[in-house]
Structure formats: C-alpha cells, structure tokens
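Here is how the chains run, residue by residue.
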Amino acid sequence: MAPDDGNSRREWVLTALDTYECRLLRYAQRLTGGDVNLARDVVQHAFLQLCRQAPRELNGRLASWLYAVCRNRAIDLKRRTCRLEAFACGAERDAPGRELDPADLLETLDAGELVRRAIGTLPERQQEVVNLWSEGFAYREISQITGATENYVRVMVHRAFQTLREHPLLRRLITEEADAPT
Amino acid sequence: MNREPDREGFSFADTPAVPSSNGEPHDEQSLDTAYALGELHGDLRAEVEARVHESSAGQPAIEELSRLGKLLRKVSEEGPLPDRSPALREAVLAELAHPRPEVVLRLPERFPPRRIWLRLSLAASLAILCGTLATLSKTKQLERAVADHDAIAVLPAEVDKLVDLEDTTTEYAGEQEWQTVEGFGLSNGIADHDFAELRLGVSGPEGTTADAGGPMLSDAWEGMDGKHEETSRSFFSFAAGGKPGQGPSKGEGKKLGLGGYDPATKAEVRQELKARMSTRNTKSDGQSIDGEQAAEQGEHDGRGKSGGGQRANGDQNSAYGFGDLLVGGEGQPDDSRRGWQAAGAGEQGLQAELKAAKADLEEVNRQYRVLKGVGRAESKPETSLEEVEQKIADAKTRLAAASAAAGLGRTEGVLHAYDYAESYAPLVENSFRKPTDQPLSTFSVDVDTASYTNVRRFLSSRALPPADAVRVEELINYFQYGYPQPDDGTPFSVTTDVADCPWNAERRLLRVGLKGRDLAADQRPASNLVFLLDVSGSMDAPNKLPLVKEAMYLLTDKLTENDRVAIVVYAGNSGLVLPPTNGLNKGAIRGAIEQLVASGSTNGGQGLQMAYETAQSQFIKGGTNRVILATDGDFNVGMVNQEELVRFIGEKAKGGVFLSALGFGVGNLKDGTLEKLADKGNGNYAYIDTLGEARRVLVEQLAGTLVTIAKDVKLQIEFNPGQVAEYRLIGYENRVMPHQDFHDDRKDAGEIGAGHTVTALYEIVPTARGGRSGGEPLKYQRADQLTPAADSDELATLKLRYKQPDGDESRLIERVVADVRPQQAAASSDFYFAAAVAQFGLLLRESPYRGSATYKSVLALAEQGLSNDPNGYRSEFLQLVRQARDISGKE
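Respectively, the protein sequence lines represent chains A and B. Numbering follows my numbering, with no gaps: position 121 of the first sequence is 121. Numbering follows my numbering, with no gaps: position 768 of the second sequence is 768.
Extracted from the complex, chain A is given alone in its bound form (with noise of 0.2 Å):
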C-alpha cells in the first residue's frame, strides 16, 4: 500500500476501526474501570493517533499499537483523576481468597460471567496481563502495549494462572471441560 496515498490510508484507518473498535472499547473500559464516556474518549484518542500514523511503521503490530495508546492514554486520564487506583498494587502480595460466596454464583453464573469474576478477583497487574493474553495477544506483543518485558509478563500470566486454576469458581470448569470430548 502506498502509504501517503490518502485514499489507501483512509482504508486502512477505517478496516482497523471496524476491527478493533469494539474490542478496544471493552479494553478501554476495562482500563478506565468500567465508565464508558471515559473509554470513549480514550478509544477515540487512539484512533485519531492512528490517522496520523505511516501504515508501513506499524505493519504487523497495528493491534499492539493501539492497545498501548489506549492504554496510556487511560492511565495518563485515569491517574490525574484517581490516584487512589495505586493503593491496589498493594493487593498484589496478598494471597488470593478474598471472595465472593462461590457456591450461589455457581448456581448463577454462565462459564463467562465465571471467568470473568475470577479474574476480576486477581491484583490488577496480573487482571491486565491475562486479559490481554485472553485477547489473543502473544507475550511480545502484550510487553509491547504494557511496556514490561516479557519475563515480566510470563511470570504475571503464570501466577494469574496458578491463581486461576485453583480458583473455586472455575475449578469445575476446567475439570468439567476435562471430561468432555474436545
């Protein structure tokens, strides 16, 4: 693609929006803890970036790029508003267990909302890390948006692992899905 032909760049601008724009919204959300108008604004952000960008530098890494926009742009907006977020890190050494009562969300819960409460129960590091990760990102790619290393990501996906695999609410998931024919 030629990359200053304004036409070819309007195309690759609009084929990325209609790919990631959800996904990045959810992402955005997740990052600016669930208010949506904060989210849109992010995801607008990274997206008008995007406009100004050469294709050819971000060829092959298109979604990593916009995630790590989205993602600092978050914590730049996020951290002017609400620094008390930090106090979470603190959590990070605590062992997990602090939980909801697993058995009525059992009953409840599809496979999903299960999930998606176990790892909302992980330190906010590790909920970002497997996040990313559940979103099909690779370990480079998800040390490319986070700005860690790799190691620092393989080892946060693991404990998030660990944490997860025992984790009452999916412990019966993961051996259920065991018994069944894959």
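If you are wondering where the hints come from, they were derived from the structure by calculation, not from laboratory data. Do not rely on the hints blindly, as some may be mistaken.
Derived list of chain A stretches under chain B, where covered just means 3 residues or more per stretch with a C-beta under 8 Å from a C-beta of chain B [claimed, not checked]:
no.	region
1	11-21
2	33-43
3	124-136
If you only want the chain A side, here are some residues facing chain B, beta carbon under 10 Å, derived [what the hints assert, rightly or not]:
no.	residue
4	48
5	50
6	52
7	113
8	140
9	153
10	155
11	156
12	157
13	158
14	159
15	168
16	170
Just so you know, even glycine gets a beta-carbon here, dropped at the ideal spot from N, CA and C.
Assemble the complex: chain A is given as a structure, and chain B must be docked to it using the hints.
Here is chain B on its own, set in the frame of chain A:
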C-alpha cells in the same frame, strides 16, 4: 542506595530469570505455564517440553493450564462487546478529511538500557547528598539527568511501573504530592505525551518531604519486586532522618515506616492504615489527605475567604474537575463537601452531580481497595460499586448528550475528551440573610471579567456554560457604568442607588458602584512588564498562541519610551526570548513575538521564577511592575503545588511585582486556578477568546489592566433591620470575607485598576409594613433592642477600605445608603442594565434565586441600557442573551 536493579519481573534485559525475592522458583514454573499456553518457541520450547515429559507430575498441570487458557480465550472471544459508536466513526472520518502531517509515535521494540535508571537514581542520590536543595532545583537536576541522556526515549510503561510502585509507596506514606514532568525524550515535538510521562520527585504539601524524592526513586526501584514494606521502610527511615519537624506527613511516615520494617506488625499497620483511610473525608485528585492536613489547608485557604463551601486547591491535576478537594472556610472539609453536594443536588448541577458521583465512587472504591488490601472479605462497602458506577455512567451520559446536543465539541469537529477537561471551582450562591442575625456583609472587590468572556465563548459555540463557570459579578463588571469620576482625592468614587428588583416585585435592589480614577494614556506611569507565555504544545491552536501573538502586537503598538517589555516563555524548557527592551524598540519586540512557536510540554514553575527574576531586575519604583501570564491552563505542573504557587505569587506581590493572568483557548482552561493566581498576585484575570477581547483588555483598558490605583479594596455593609428583613449579595461568592478581616490590613483583597468599575448588587427583602412584627405586639422581643438609627430611613451603611498601591495602611470610607420610599422615580437605565446582566447570570446558573427572570425580561431590561453603549459591548450582550435563549429553548 544504588544497588543494581535486577529484580525478576522488572528487569529490562531479557536475562535468565533470577529467583524472586520470596525464594520461590517462579521462573521455571512460569516457563511451564508459558509452554502450556503455547508461548514458547524454538530451543526454549524443546527444553521445557523435555523437562515436562520427564516429570510425571508436570503433565496434568500442563493440561489443566492449557485448558484454562483455551477457556479464557473462548470466553473473551464470545464475551459481550460494547456497541460501535457512530460518533467515533464521524470523528475519524472528519480527521481523515483533513489530513495532518504524519507524526510517528513509535512503540519501542527494545527497552532502554538499564543505565538510564542508574543515572536517575544516581542523580537522585546526589540530590540527597546535597541534602538541602530546594525542591525546584532538585526537579531541575533530575530533569537534567534525564535530558543528558540524549536520544533515549523514556519508556512510558516502564515509567508507569516505576510510578505505580512509587504510588504504592506514596499510599503507604499517606500523603505525598507528585510532580509530573512531561515530555521527556520527545525531541520530535509531539505534543501528546502518550509515550512520555515521567514523574519525578516528591514533595509534601509544604514541600516537607521534598528531600525524599531521590531515595524514593531508587528505593522504589529496589522495591520493584513488590516488597512494599521494604520500600516504605527505606523511604521512611530516610524521611524520618531528614529535616525534623516539618509537618504531619513526616511523623506519619515514620510511624508507618516502622510498621513496614517489622513484618510482625504489618497487619497492625494495615489496620491502622485502614482506619486512617476510612476516617478521611477529603480527597484531592484521587490523592487522600488526612483531616489534619485538610484542616490546615482549609485554614490557609480560609484566610480572607470564608462562608459556604469553598474550594481550595486541587484543580491543577484534575483532568475533569472531578475529585477536587473541598475545604470549607473554617477548615471543615466535611461540612463544605456536604454543602456542596447539597447544592449540586439541584437539577442545575449536572456537573456538580457528576463530581459528587465521582467522589462517591472514589470513596467506595477506596474502601473496597482498602478492604482488599487488608484481605478482609467479610466486611463489604456500604454502597454497592455497581450502584455508584451506574450513577456516574448516567450522569456522564446525560452530560455528554447535553453537550453534544448543544453543539459543544462540534466546533472542533469531534467530541473530545478534553471537553471535560476544563475545571471550574464549584460555586455555592450566597443565600438570604437576616440583618438581625447577620447584620454585616463583607467582601473583597473583584474586577475580573473572565467569566463573561468565557460564557460568551460557550454561547458562541452554541452551548450553555456550566453553572460553575458563571460568576455573576464578573458578568456585571464586564460593563462600564456611568459612575462619576472621584473628585475628593480618593482613587475611586462610590455610588449607591436603590430600585425595585426586576425579577421580584416585592423586593428592592441595592447597587454599589465604584469607579476608579481614569488615567489618560500619557499619564500612565513607567511600566516594567514581563510576559510569561505558555508555548507548550497545547497552545498550538488558532485561538491560543496565534491569538496571544496578535494580542501582543496590539500591545506593542501602545508601548512608549517609558515602558520596558521582556518575554519569558515556558514549555519543556523555559527561556528569556526577549530581554527587557524599551517600548520604542518595536522592531525587536515584534521580532521576538513573531518567533514564538508552540511545542513541548508544560512546566510553568521555572518560567515563573525566571519571569519574576527578570521583573525584579528591572524594578521601577513608583511604576508598574507586572508579570503577565498567558496560558491555556496547565500552568503549575512544574511547581510543587498550587498552595506553594499561590504563596510564591502572593509574596512577590507584596514585594511590588504584581501578576495578571490572561486565559486562552478551549478545553483545558483551569479557570479557578488562574483566577486565584491573579487574585493573590494583586492583578486581574481576563479570558481572551477573540482579538476583540484582546483589544479591549490590552488596548482600550490598558491602563486599568496595568495600573493599579487602589489595592486590598474591601467592602462591608451593615444593614438596618428596621428597613431590611433579608438581604442577599448577588455574586462575589468567592470573594466573601470574614467580618473581622475587614479591619485587618494584613488580609489581602481585590485591586482596582485605573478606570475600572466595580458593581455589586444586593437583593433586599424590605421589612413588612408596620415593622418586623407586622404591627402585632411582641411578647418576647422589644423593638427598642434596636438603636434609634434603625428607625431612620437608612437602608444600610457602607464601609470601604482600601490601600494606596504602594501603601500598607488602609483608609476607611463610610457612606450611608438611604432608600427613597415608598416609590421613587425610575432608576437609571444604567441600573437596569446591571440588573439585566445579573438576571442573565442567574438564568445561566439556573439559580434558585432567579425569581421571575426570563430571557425575555432580560432583553427588555437590557434594551433600556443601550443608550449608553459607546463600544457596542451592550448590544453584543443582547446578542448573547438571544443566543442563550435559543440554545436553552426557553423563553
């Protein structure tokens, strides 16, 4: 202090893993997980595979992990997605339709070498060794350390991590204030700081813990493996050993630090933290401030400003104007916040409601986090998170819809996030008071007009301004009224008159007008002006820097040989772009103006110092010495905090260098901050939205803008209970003073410039016919509790204090205000025009005190004032009223 950072998880190089701090062999296991998730390739994969196959125990675990992985990806794939937003597509299409130059925001492939951190911590420790360095110079030093590192773009995410950790430490510390230094490593002039925000250094609210900035950095680094206790220990042991007796945060830090040191007491400390957190009621941009400190701040702020709920501090970092710290005049954060929320509960307070909701959420969030942090699941926060979130989402949706409908943001083609980034100090209107309870009303004059221009900007972009952006007294004072020139040697004349209140037939309106002595252009004393111009990237908009430049050209034309002008710019770096130059040397001045370009980030602090130094070096005794700040908002990022900034400016004002503020642009305006700075700097604050406004402020009213003829002008009115049942001061909410400050010459108040007019209106409920009891005999009260003067026709007695511009002692003017009763001849058209403007303000604020006011009645009233309209400002006002009427869809 400079141990090499090599912790697992945060190391920059892809070195083989080291055992984590708690001794668990995380790395091998994490490789297993990576293998299970298909994240390993090549040799490493083969290696791990071999190991897993060897171990019989490993196999099932791997399968489980892999199943879990599939489950997660499936759930994510199938999970609900938010809807597309047509507005976003529109925005993108609009952006694509106007291609702008390509700017490459690169995602770095590699992380910067470790040595940058070494250098940072080295610089930091150096700074510590120097020990007594002032905060600013320290920041400078750290900045330089980074700047030295020429080509390296500081990786934001790594910085985030660092900052996160520091933040963690901060939270443990209780209260620290962070400075933000933006824009490192962005040599290609990207205004956006997506990729570079680095926060360095700490400073307590009084600059107390500034010295800890260095070790925080390096210690935070050491603490990167997450050993918060250790981090806080080293930080606090340092902090505790620092300068003694410097405020509350230190003592607290020491205490907590000790707890962190001893793991056994960890739980205890957390408990204490939790207790402390939950007793906090006040918050400033998400950072908690404990009661003691808030009270202290409240006291500080309350000086010269008491009354209802007033806001102090806090807006400098608040992107949305949320979560701003509210401190009452008497340092009662609790009360003022309640008062504010109550005030915001009205339908007019959508924004206030939003803020309240946000504050609620933060409160809940905080509780929840504290609980999580302490690991106590059984106690749940009282309010449900969802509930509050819903409240916020609703409020925001409404706000967005409202502003979208009103066309806000469409002026820029899109609805930008920064439409919410303007911040206004919440305003609670004065209420009616009874002279029997509160005979006195005391306030400081205010000649600012920024609110009017800002309102005009909103209306001309077809949006109604937020209520807090409407300061009624500034609307009224935008206009000149026909008050006489002083003839008795005082710097200003005092006029009082009374008429029926147009929006409430039963009531009366008292007008108090001050008129500053006019000064012909050739009478203007010699002036020494230093312009402090914000040239950060955000000023790169047609209505910002280019407008500043146009305004400067206008001013340059008016300069004479008695004037000296210098220009200091600030952005990432500050600099003197025009050394003090004689006003006749217009070529040099124009040349310097011409070369101004917007780029880089904002660091106002350094520039401010430089501007004041320049002004002081050229000090003209008996002349005008003034720093004129032109910015779009984010001014004080480089300064320690707003309190310090305000104090600095206040001190300089006492030394004879005054400050005026010119606000520019849309979207980022920190209205409250600028008003406060100008207030403390004995100057005025004007918002420049158009070239016409620039001409008004810098040409037509140049003398008023530059030459102060009276300072610390305070008004006190005593109402006669015999005549006045209730009274209400319209506007001046943030200028109300404690009564005892009226006679206290140490208390700062407003300034009047040459030719300025100041107008204050009181709405008055007259006493019922036959006196306060309506003719009925009273059993418990006696009318003769009042002095004989209460029986007179006198409505009130006006007292006024002012100082000469270079004087320290105030003079007193006293004036009796009589009401001509029962009816008087029609008030002057001038009076009615002022009343119309006040009415307009009340309508825009949707004030509960607006009575029967409608846009129609405003127009009818204002038209009477058109006879005296030499500059066309009044007819423009009529235009605005019509616009507001059309936008609001009301009569």
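Numbered hints the structure breaks, given as an ascending list
15
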